[in-house]
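Trainee: Here's the letter readout for the chains.
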Amino acid sequence: MMHVLIVDDQALNRILLSKMLEQEGYKISFAYNGLDALNVLKREEIDIVLLDVLMPVMDGFEAAEKIKQLNSEVYLPIIFITSLEDQASFERCLAVGGDDFIHKPFDKVILHAKIKAHSRTRELSKKANQQKKLLEYHHNQIESEHEIIENIFSNSLENQGKFKKYLDFNLSPASMFNGDVFLVAQSPIGNLYCMLGDFTGHGLAAAIGALPLSRVFYTMVQKGMAVNDIVCELNLLLYNLLPGHMFCAANIIELSASGKSVSAWLGGLPDAYLIDNEGNVKQTLESQHMALGILDGHEFEYEVIHFEVDPSTRLVLATDGIIETENNSNTFFGEERFLETLKSKPMISSEDIIQSVSKFANGSAQQDDLSVVLLNCLPIIPEEQEREAFSTLAFNLSLSLNSEQIKKTDPVYDVVNILSSVEGLKAHRSNIFLLLSEAYNNALDHGVLGLDSEIKKQEDGFFQYYELREAALANLTGAMIIIDMRYCPDTLCLYFIICDSGRGFSNKSAAREPTLVNNEFGRGLSLLEEVAEKVTYNASGNQVEMCYKLS
Amino acid sequence: MSLTKNESVDGTTLTIQIKGKFDFNLVQSFRQAYAQMSEKTVKVIIDLRETDYMDSSALGMLLNMKKTIEGQVKTIEISNCQPQLRKILQISRFDKKFDIS
Chain A
1 MMHVLIVDDQ ALNRILLSKM LEQEGYKISF AYNGLDALNV LKREEIDIVL LDVLMPVMDG
61 FEAAEKIKQL NSEVYLPIIF ITSLEDQASF ERCLAVGGDD FIHKPFDKVI LHAKIKAHSR
121 TRELSKKANQ QKKLLEYHHN QIESEHEIIE NIFSNSLENQ GKFKKYLDFN LSPASMFNGD
181 VFLVAQSPIG NLYCMLGDFT GHGLAAAIGA LPLSRVFYTM VQKGMAVNDI VCELNLLLYN
241 LLPGHMFCAA NIIELSASGK SVSAWLGGLP DAYLIDNEGN VKQTLESQHM ALGILDGHEF
301 EYEVIHFEVD PSTRLVLATD GIIETENNSN TFFGEERFLE TLKSKPMISS EDIIQSVSKF
361 ANGSAQQDDL SVVLLNCLPI IPEEQEREAF STLAFNLSLS LNSEQIKKTD PVYDVVNILS
421 SVEGLKAHRS NIFLLLSEAY NNALDHGVLG LDSEIKKQED GFFQYYELRE AALANLTGAM
481 IIIDMRYCPD TLCLYFIICD SGRGFSNKSA AREPTLVNNE FGRGLSLLEE VAEKVTYNAS
541 GNQVEMCYKL S
Chain B
1 MSLTKNESVD GTTLTIQIKG KFDFNLVQSF RQAYAQMSEK TVKVIIDLRE TDYMDSSALG
61 MLLNMKKTIE GQVKTIEISN CQPQLRKILQ ISRFDKKFDI S
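Here the protein sequences line up with chains A and B, keeping their order.
Each step along the first sequence adds one to the number in the numbering used here, with nothing skipped, and position 300 is 300.
Each step along the second sequence adds one to the number in the numbering used here, with nothing skipped, and position 13 is 13.
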């Protein structure tokens, strides 16, 4: 129900107006002057004010101004009560905020028409105000959410500072969130991986995929996986995660720690370039595959390309925002200008490139995220891996294998796995494997099975030897191999004794034989001598003792 | 323990990747991996990034491979060795016969 405030010092006017309005079912309140009206407005929710001009204490002009000031959010109509002949004051009424007039003597039809019209406007204004408040609320909420998300993004994506010597990159997002993503990480053996990705669109929706993507990327690099394994995993992740119309064009690069070779998977980004320090293109690397997140696991193509590089080579990666930047006359920046820019000065920086693109755009609004990466193909030193402290617990480990166990088990692998779980020994697992494998296979092949390595010299002898070994192993009975191990934390040594039930291998000749790199065999025992601190055989040649120094 | 082989997009590089241990058990699958190489192949990469262990039989297998395909390809590279395996290859003077990176 509309609530009308009648402000008039004359009782007659108040009565006349209220009679007319009550008939229409409006709620009525009264005030006797301007000040009084302001008080009523403070107390009550009024929809329309009928305001007399000349009143004691505070007149209508002053009151109108104050009423409008106090009700600036929602339209509160003020209809001045005037005499027709009082034309001179009309202008002032409007100037102080009056919205309409009702003239004395009052006409019922006109009064109703005016009140209806103004109440409609007030209703609209109320709705608009509600919506505005709702919008403000949502806006504030989004702002604060964006702040949080931005923080998460910067924490999870920005670790690239470590590789300044190798990488120069510039990412310039079109909005607060970047749909382009650039990730860098180094594997334990020192290879440098980087990934430049461009998600469909830009802004938060495009950026959100970068979070899971970066987790998988970093985890796999930490494990030192190959680029093709990494892309398979990333593709599957995005295929399952992104809606059908979204994908991620990407270049994934692995530069070997030697700085000599690169493996690259190129999917859906503009051409990458190998340039020299002057910016001349040595090789153009075209995209080979569809972007990530489009094809399912079976259809996906994970093939990489390999190429050789040297310290004077730089690899240039860019997203399509660069070449598709438009200027005022709707011309693209384009590949040609991009290549010219690369040549415009020696050792050009990513900053230079972005500057030249924005100079070209000449104030045209940025349409897409712009990213450019320059990778200097230099050798890299692997990061120091933290050395685990050695266990202080001394122990012995002993295994006796009978014929059945020899046939069915892989004792070397299992024993190395057991030893690797001892603190400090994991870093030595490759050497421990080598020692045990050589000694055990010697005991098995030449001691227990009585095979002769001479066969390996013949054409295809390697495979013949393998078949003979399989056959001899299948028929093995009554044999035994014993492996004894001792870990001594005081001397930081591992001691091994491997002993077999065979007649003893001719260790003397084997050990004395010169290590010819071309030989397919005879390398094993000399390797033992190199890797172990000390190797000794017993007189009959069926037992070998080795000491391996851990420090 | 497993062996995978991949050709590069242009077919010029064959990558043989060995996961886990590289020893006598792989003798057949390793030979098969380079037996039917495409004629386009000019480079073979033995990728040891996920190889934890190798012994002298692996060295023998590598030499055997070299003898077989030497005439066919330009480069045989042993790449991404863990430090201890690299040491084993160096002790065996394999750095004289292969590109080790």
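No wet-lab data here; the hints were simulated from the structure.
Heads up, some of the hints might be wrong.
Claimed, not checked - Chain B side only, calculated, beta carbon under 8 Å to chain A, not exhaustive: (1) Gln-36; (2) Ser-38; (3) Tyr-53; (4) Asp-55; (5) Ser-56; (6) Glu-70; (7) Gln-72; (8) Asp-95.
Stated by the list, open to error - Residues from chain A that keep clear of chain B, each with C-beta distances beyond 10 Å, as calculated: (9) Gly-97; (10) Ile-110; (11) Ala-226; (12) Gly-268; (13) Ser-356; (14) Gly-524.
Just so it is clear, CB atoms sit at the ideal spot from N, CA and C, and this is done for glycine as well.
Trainee: Are there hints from earlier that the structure breaks, and if so, what are their numbers?
Mentor: 1, 2, 6, 7, 8, 11 and 14
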